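One-letter residues, chain by chain:
2 protein chains.
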Amino acid sequence: MFDGATAEPVLGIDPGLSRCGYGVVRRDGHRLVPVAYGVLRTPTDLGLAERLAMLQHDLEELLDDVAPAALAVERILFQVNARTAISVGQASGLALAAAARRGIPVTHYSPNEVKLAVTGYGGAEKAQVQEMVARLCHLDAPPSPPDAADALALAICHLWAAPAERRAADAEGRAGGGGGGGLARAVAAALAREEGSR
Amino acid sequence: MFDGATAEPVLGIDPGLSRCGYGVVRRDGHRLVPVAYGVLRTPTDLGLAERLAMLQHDLEELLDDVAPAALAVERILFQVNARTAISVGQASGLALAAAARRGIPVTHYSPNEVKLAVTGYGGAEKAQVQEMVARLCHLDAPPSPPDAADALALAICHLWAAPAERRAADAEGRAGGGGGGGLARAVAAALAREEGSR
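If you read the sequences in order, they're chains A and B.
The working numbering applies: residue 10 is where the first sequence begins, and numbers increase by one.
The working numbering applies: residue 10 is where the second sequence begins, and numbers increase by one.
Okay, chain A solo, but in the shape it has when bound (with noise of 0.2 Å):
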């Protein structure tokens, strides 16, 4: 089990130009502690350029706040068109060079490998993934704006993925099992610790 040590925060990052999410949690024990959230945005009056200047500078600021020990990031879908796909590619590739630039490993995850952490299932609704954000984080109520809740989801993720993935390789090591199941065997372990606990 865990040792209880207070883990060093992990970074979540949705990326987008007009709006960039992002979510910090660290562990402390069992529990999941929201230490900040909210969003990055940059002013459609202005140029593109300066636009991506200004996330950069917000971006590189907030790495230097936070000092995670790792950054979590919404791997880009190829299905997505591809005007979306060059607006959240300019503002990731900033994300992801300010992080290297600092020593700080990524890991990209795809939407249903964040469902399937935060949820338990690959496919739950948006709002389900919210709802479980505030529920894992002790909020009230879903963070709000969704894209906040989107890079908490992240770095939850990426708090859970790690030592799940290694328990589903022991679980496969002894039993044969198919693989797949370890996260949600671990969200749902997690939600029967964090139920317990309260």
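The hints are simulated quantities; they were obtained by calculation from the structure and are not laboratory data.
Just so you know, these numbers come straight off a predicted model, no measurement behind them.
One should not assume that every hint holds.
[As the list claims (entries may be wrong)] One side of the interface only, derived from the structure: several residues of chain A facing chain B at Cβ under 8 Å: (1) 58; (2) 65; (3) 71; (4) 72; (5) 85; (6) 90; (7) 91; (8) 92; (9) 95; (10) 101; (11) 105; (12) 108; (13) 109.
Cβ atoms here follow ideal geometry from the backbone N, Cα and C, with glycine treated the same way.
Chain A is fixed; fit chain B onto it per the hints.
For chain B alone, kept in the frame of chain A given last:
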């Protein structure tokens, strides 16, 4: 006509993660002078975030060394596939943000605008553009790799586009003639001057 003074250089960037072309051109009277050109590369065996950090570092160094008066960047077309759009978006975002943070104005040009500026024909083949870049920059052969030639073409496009557009506007104002030919006329005039000065 021109005053013959040596103008500040224009930096053209053809953004990409594996190969990011750059070309620096200044105008010395009627002559176009290629100051520097080449390609910034990032090793494909590094992680994405590390590659973006490396590209960002190299772009910032380039901007600080060259201190261009303007940055000309290729407009990413929405027709490309999403995978390309994400990657080019990530690279271009770094260039745009770095320029804006240094107060360097950024202008985007479509591939057709660049072809029109350099060859006088918006539907020109890539090889024609490269040959014209070599001719206009007094190079013995088209610059290699092609990404460098594309970046030089962007810089040339920017050096010619603004005054050509002013001349075109003047011509339209006087004669009420159709627009769009201004750039082509400027290219033809510049080439005639080039030929005459040899």
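Each hint tested on the structure:
no.: 1; hint: 58; verdict: 4 Å, holds
no.: 2; hint: 65; verdict: 4 Å, holds
no.: 3; hint: 71; verdict: 15 Å, violated
no.: 4; hint: 72; verdict: 12 Å, violated
no.: 5; hint: 85; verdict: 5 Å, holds
no.: 6; hint: 90; verdict: 7 Å, holds
no.: 7; hint: 91; verdict: 4 Å, holds
no.: 8; hint: 92; verdict: 5 Å, holds
no.: 9; hint: 95; verdict: 4 Å, holds
no.: 10; hint: 101; verdict: 6 Å, holds
no.: 11; hint: 105; verdict: 4 Å, holds
no.: 12; hint: 108; verdict: 6 Å, holds
no.: 13; hint: 109; verdict: 4 Å, holds
Checked against the numbered hints listed earlier, the structure breaks hints 3 and 4; every other hint is satisfied.
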